[in-house]
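J.: Chain U is fixed; fit chain H onto it per the hints.
So the sequences go chain by chain: U and H. Going by our numbering, the first residue of the first sequence is number 1, and it counts up by one from there. Going by our numbering, the first residue of the second sequence is number 1, and it counts up by one from there.
I should point out that these hints are in silico values taken from the structure, not numbers from a laboratory. Using N, Cα and C, we set each Cβ at its ideal position, and we do this for glycine too. Possibly wrong hints are sitting among the right ones.
Computed cross-link-like contacts, EDC-like style, restricted to lysine to aspartate or glutamate with a CA-CA straight-line distance of at most 16 Å [to be verified]: (1) LYS52/U with ASP142/H; (2) LYS284/H with GLU134/U; (3) LYS284/H with GLU161/U; (4) LYS291/H with ASP143/U; (5) LYS322/H with ASP156/U; (6) LYS191/H with GLU64/U; (7) LYS322/H with GLU149/U; (8) LYS258/H with ASP156/U; (9) LYS136/U with GLU299/H; (10) LYS162/U with ASP308/H; (11) LYS258/H with ASP28/U; (12) LYS321/H with ASP156/U; (13) LYS131/U with ASP142/H.
If you anchor each label on the Cβ, the simulated ranges turn out as follows [unchecked claim]: (14) ALA244/H with ARG92/U: 53 to 63 Å; (15) GLU55/U with ASP182/H: 20 to 30 Å; (16) PRO77/U with PRO162/H: 33 to 43 Å.
If you want the building blocks of each chain, they are given just below.
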Amino acid sequence: MWTTAAALAAVVKSEGADLVITGKQSVDDNSGAVYAGVAARLGWPLVSAVTKVIEIAGGRITVERMVEGAQETVNVPLPAVVSVGKEINEPRYPSFMGIRKANKANIPATPAASLGVASGSGKTQWTNIRKPEERKTECVMIDGASVEEKAAKLADALMAEKVI
Amino acid sequence: MSVLVWIEQNNGGPVGNSFEVLGKAKEVAGALGVQTVAALIGGDAANAEMVRGYGADVVMTVASPLLASYRLSAYVKALRAAVKATGATVVLMAATVRGREVAAVLGSELDAGYAPDVVDLRVEGGKLVAVRSVYSNNILADVTFSSPVQVVSVRPRSFPMPEAGAASGEVRAVDAGLSEGDIKEQVLEVKSTDSGEISLTDASIIVAGGRGVSNDPAKGFELVAQLASVLGAAVGASRAAVDAGYIPYKNQVGQTGKTVKPDLYIAAGISGAIQHLAGMGGSKIIVAINKDAEAPIFEKANYGIVGDLYQVLPALTAEFKKRLGK
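Just chain U, same shape as in the assembly (with noise of 0.2 Å):
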């Protein structure tokens, strides 16, 4: 993850950004940490789970974010980092155009090399991938005359669990 960031980091440096925008985490590994190694490495402020952009003036960014029970009103100087929650924006469809246009772009693609990174190996490994345990369950099927009856049988069923 952080040889990612080493080159996230110099292609933010060598195009000149002022702003980096990142999503959360990646929906397949869930790491939610090379944006934290791309500020690092930049030695720029990161300001994550970012619900909304509240002003962008005098060379600072202003921002609100959502952590455990509490929202925060974060304010940092650009060059910044800021990775975004899913409530910062809907996204839109692409325009028919745009996706004509996207068909026609030019991608440039830069060895890991030129930039200066090395793609050492990593810090971690991953050994022994595996399924997790099927949870195996026999649903029990409440039954009874009346809804009522129902929500008494359950409830015995979870004391008896002793889970409530």
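T.: Showing chain H alone in chain U's frame:
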């Protein structure tokens, strides 16, 4: 050498999930033959006394007026000072929003191996092994490290909450040499969104609603909330309910929401899409309430009621009111 746990503080007190991690950290430290350190950054000095009850060998405090409110760069710097002062080789914290960003930045700055959001930890052949649950909780992987320092964030409720005992362990302090000029973030406002509700990731009981409330969403989620209130439970929702705007995203359970591990999960009007099951399949007991007897949620549930949630939920609320004397 030591195993160090960052004890996160939120709304004035330590976050309970941090103690789950500390409980496991003592086991890991024992197997590695090193000390356990609980690091307390900023906050009230009285909290150090409370932390002493959880059995760390050392409670390391980093105090400064600059740490009064949480700021990522300042907290990472403070934590680095604690890591250095205690020679920590394993750094653990709860995988909360703050825990995950602190761990990632710390790991990156130390060029350390980082395992995020792990669900188990063990020591094998004198080395730390962390277990990750990835690909929507469909794959488990053992993570081993090739760096001298290892950083890990731990998914809440992966380990049992230890009991507090008599205060032990020595309290030490380290100065992180912070200056305001070095801290780039300004916190303009912190608004509590904690209207007494229980957070999903902490909850031992969750009552969740889904697309099945679409006839009258406001009423449906009111019924969900009423049952949750009687049971002392958190309120969850499926993505369908969140996308339809019935309830905010922070309540979403599933692949693109929160992963939860309660003792009891009551799913009302949730069909059980694989993305939802990915987020709550680790629950100890699952109860499904659904009009459709063929809904896939029943395949994963321990108990099922086929019926209309608008009738079943109020009946359950009344029943538990009676039983729990509320």
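J.: Hint by hint, note whether the structure agrees.
T.: Results of checking the hints against the structure:
| no. | hint | in the structure |
| --- | --- | --- |
| 1 | LYS52/U with ASP142/H | violated, 36 Å |
| 2 | LYS284/H with GLU134/U | holds, 13 Å |
| 3 | LYS284/H with GLU161/U | holds, 10 Å |
| 4 | LYS291/H with ASP143/U | holds, 13 Å |
| 5 | LYS322/H with ASP156/U | holds, 12 Å |
| 6 | LYS191/H with GLU64/U | holds, 10 Å |
| 7 | LYS322/H with GLU149/U | holds, 14 Å |
| 8 | LYS258/H with ASP156/U | violated, 29 Å |
| 9 | LYS136/U with GLU299/H | holds, 9 Å |
| 10 | LYS162/U with ASP308/H | violated, 26 Å |
| 11 | LYS258/H with ASP28/U | holds, 15 Å |
| 12 | LYS321/H with ASP156/U | holds, 13 Å |
| 13 | LYS131/U with ASP142/H | holds, 12 Å |
| 14 | ALA244/H with ARG92/U: 53 to 63 Å | violated, 19 Å |
| 15 | GLU55/U with ASP182/H: 20 to 30 Å | holds, 24 Å |
| 16 | PRO77/U with PRO162/H: 33 to 43 Å | holds, 42 Å |
Of the hints listed earlier, those the structure fails to meet are numbers 1, 8, 10 and 14, in rising order.
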